[in-house]
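**Q** Let's have the full structure, built from the sequences with the hints guiding it.
The chain contents come next:
Protein chains: 4
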Amino acid sequence: MNDIEIDEVATPTLSEPVLIEGLPGVGHVGKLAAEHLLEEFDGELVRRVHSTAFPPQVNVDGDGVGELTCAEFHAVETDGTDLLVLTGDHQAGTNEGHYRLTSAFLDVAEEFGATRAFALGGVPTGELIEEYTVLGAVTDATLIEELEEADVEFRPDEPAGGIVGVSGLILGLGGRRGFEAACLMGETSGYLVDPKSARAVLETLESLLDFEVDYASLEDRAEEMEEVIGKIREMQEGPSVPDDELRYIG
Amino acid sequence: MNDIEIDEVATPTLSEPVLIEGLPGVGHVGKLAAEHLLEEFDGELVRRVHSTAFPPQVNVDGDGVGELTCAEFHAVETDGTDLLVLTGDHQAGTNEGHYRLTSAFLDVAEEFGATRAFALGGVPTGELIEEYTVLGAVTDATLIEELEEADVEFRPDEPAGGIVGVSGLILGLGGRRGFEAACLMGETSGYLVDPKSARAVLETLESLLDFEVDYASLEDRAEEMEEVIGKIREMQEGPSVPDDELRYIG
Amino acid sequence: MNDIEIDEVATPTLSEPVLIEGLPGVGHVGKLAAEHLLEEFDGELVRRVHSTAFPPQVNVDGDGVGELTCAEFHAVETDGTDLLVLTGDHQAGTNEGHYRLTSAFLDVAEEFGATRAFALGGVPTGELIEEYTVLGAVTDATLIEELEEADVEFRPDEPAGGIVGVSGLILGLGGRRGFEAACLMGETSGYLVDPKSARAVLETLESLLDFEVDYASLEDRAEEMEEVIGKIREMQEGPSVPDDELRYIG
Amino acid sequence: MNDIEIDEVATPTLSEPVLIEGLPGVGHVGKLAAEHLLEEFDGELVRRVHSTAFPPQVNVDGDGVGELTCAEFHAVETDGTDLLVLTGDHQAGTNEGHYRLTSAFLDVAEEFGATRAFALGGVPTGELIEEYTVLGAVTDATLIEELEEADVEFRPDEPAGGIVGVSGLILGLGGRRGFEAACLMGETSGYLVDPKSARAVLETLESLLDFEVDYASLEDRAEEMEEVIGKIREMQEGPSVPDDELRYIG
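Protein chains in written order, with UniProt numbering: chain V, 1 to 250; chain X, 1 to 250; chain U, 1 to 250; chain B, 1 to 250.
Read the hints as simulated data drawn from the structure, not as lab findings. Even for Gly, the Cβ is constructed at its ideal location relative to N, Cα and C. Accuracy of the hints is not assured; some may be wrong.
[To be verified] Derived list of chain U stretches under chain V, where covered just means 3 residues or more per stretch with a C-beta under 8 Å from a C-beta of chain V: (1) 55 to 62; (2) 66 to 75.
[Said to hold, decoys possible] Some chain V residues flagged as far from chain U (calculated, every beta-carbon gap over 12 Å): (3) 11; (4) 80; (5) 127; (6) 128.
**A** This is how it looks when you write it as structure tokens:
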């Protein structure tokens, strides 16, 4: 097997598609967001990317059929911009693997004519979030104004630890190839899968790429997580006695 | 030394042999099962596969002779189907090593004319097992019916963490080459070497490949393990006083 | 992407430049020293070195623009010797990466005509330092006398654990290529970023390479660290009661 | 830099030299033994082997000169057999590195005409040793008799975990190339550097290769270690009151 093997599944013609990357990461924000796009817009699988940098693993589907771990590109036609959505279950296992994989991903994006890219992800804050800000980072300062108009925040030197993994390299390697690329990072606690942060990132993308998406299913997952968060809060604060009961005792 | 070196020990002609893989893994289920086949059917060593992905190690035999760690293929003629049994003491040490090794293993299987493969292993349940179910996963949904008739269970999206290591890749890479492959995973606690789970997997294989095997020696090992399990149960439950004794005290 | 990619940013003519390496390490002594030179002498960026051995990471600048992690060479013209200063945010992630990167760094240095090199770093003592000694190690015993005249100390077989990372290899690989190279290692506790140790190393370099540098900004950082150290000392010794107060109680 | 670089320092003609390997390992038994041979017989450095599989490190000598980490071959002429002694400060950092390095070591040994090899090492027993048995493992059962006559013990399937690292591969890869090779493993606690175990291994070698060596310097190191062991025993047993004192109390 070669280091990277790309299966050509379909090659529809897309009109100036924008690469949207959502691989696993902090709060699974990018992955949730990318998968929501595929679900809502009925994405068409166009490429599977296998790599020896991925874990040696098959994932078993609902029928019991195992498929070799891979990253997938789906073509998505929205009411606005065409998208090329990159998702998957894994990042690479080594530094070198990250570089080789991201290079392969950018090759595929170029093959479909993409020149713009958004890497979606989360940025950990360490505490439960009330308001979901989206932080940005770009390949070129000229891209900032447009993003700020879509309420993306730019904070000097943040995130402090840099942007790591495929999202970082979409910017780092993409920029070196001439892509206009941005990372959109939803604030998230970092402790939990965060559908609300994924929604915040998607709303930014809607505004930037001129499409509309329904959030009902993402809202359902958010409510499930809210219950989890509620229980965590309860455990932190101890059992609370409602005011009424206190009065009754009195 | 090359990344992979294959020693050709013998090349008997086999009739549509089926690849049986049993490398170390959860509960050593696959390894026990594969080694039991070799023991019962007097397998003939046909290939040794050395690799820089294995630990840098020799194993010392009963005479004091060290042999470089390797995986071995044995040709096994049963009363039913011919088998090509793959065993060894190690999995690869890196993601990339797993892919390269499994590719080499499939090359050997193809060389002997195999087009079907069973990867044997265990699936951890986290608790001591009463009834030994065998879970399945396949390269193609058309294989499921036959396996279900042999009492293999298919549960949607299980095992949840996917199938990792050479077993997973026999499915993942094998499927991509046109092998009809299945993983047969015996349920096992995951804490102990489990000869009973290995027997459950072998009984499935007997039914599928139309051969018969004696379990006396595997039963001996199972009894040894039962003693260990008995002691664990005792420790968990504390010393128990039989009813009779209680009455006597009364 | 290749293992190593070097961006040629500028190629000024330098007169017998001396390579100065200051990558991250113990107490960040080397990095602080090298960055102080760039700040004080307005270094000109001449090369960026990217590598798959670096973490897959972009660092976000004050504007929100992400740049792929790299090591950088700056040309620095002092009042004395010309310098080629190598800095960066990361060391390589593997043994092999360290060797490949250092080879590439030495290639660049040779391209600019450098034949001498100083690898700057810290040597951990395990305790807070009062007097900042600079330890030396060289590629050739003939270099020792000149360094001792600049107050560099040579202690047999020290540092005991050898010199690890790019600094060590500047000596090890550099020596094999004919570079006259020395490691200058400022003693430092090893627990804290240490601007005072960086200053000690730079003062040695001033004396050796006949330039003068202002330490005001480094002194500011040193004072910040002194406050931290003061707090640590306080915590170790417990609250102290001034003599006056005691008398007052009496 | 290439993966492996071999410096040719000298190429004396040796008469059927025997490769003796003593790299770091359990109790540093092999390394102590090999270095003692070099010390006593004034070995001549013939090859330095550098590798990207070694740590990126220079070791600083008594003058302050740093030398790139390497393994070294010395030619040793004893009163009996000629030896080619392999020592060094490090093993490789990866599985693959171990294989590549040992292949290179065997290349050098072949270049000097060696066809026999002894890999020296320790085998951990987990407790302090009274009598220093030397265990053996060989490439070929025909070698056992000669070794047993020199008091080497062969125990079926021991050491249980196999022989790992360069020593193991001298046997594993050496055997595949036609070397007559043996591992001589001195029993040692595994907790301490063990000059007594090294002596036991050397005495075996003396008898096998018909040379004589003085042990005064190794005895000195052994005495230092005895003091350490004495202190450990004391700490384990608590303060002991001599009989006399007890009587006095009575």
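**Q** All the hints need checking, so say for each whether the structure fits it.
**A** Hint by hint, here is what the structure shows:
no.	hint	result
1	55 to 62	holds (count 8)
2	66 to 75	holds (count 4)
3	11	holds (24 Å)
4	80	holds (25 Å)
5	127	holds (21 Å)
6	128	holds (25 Å)
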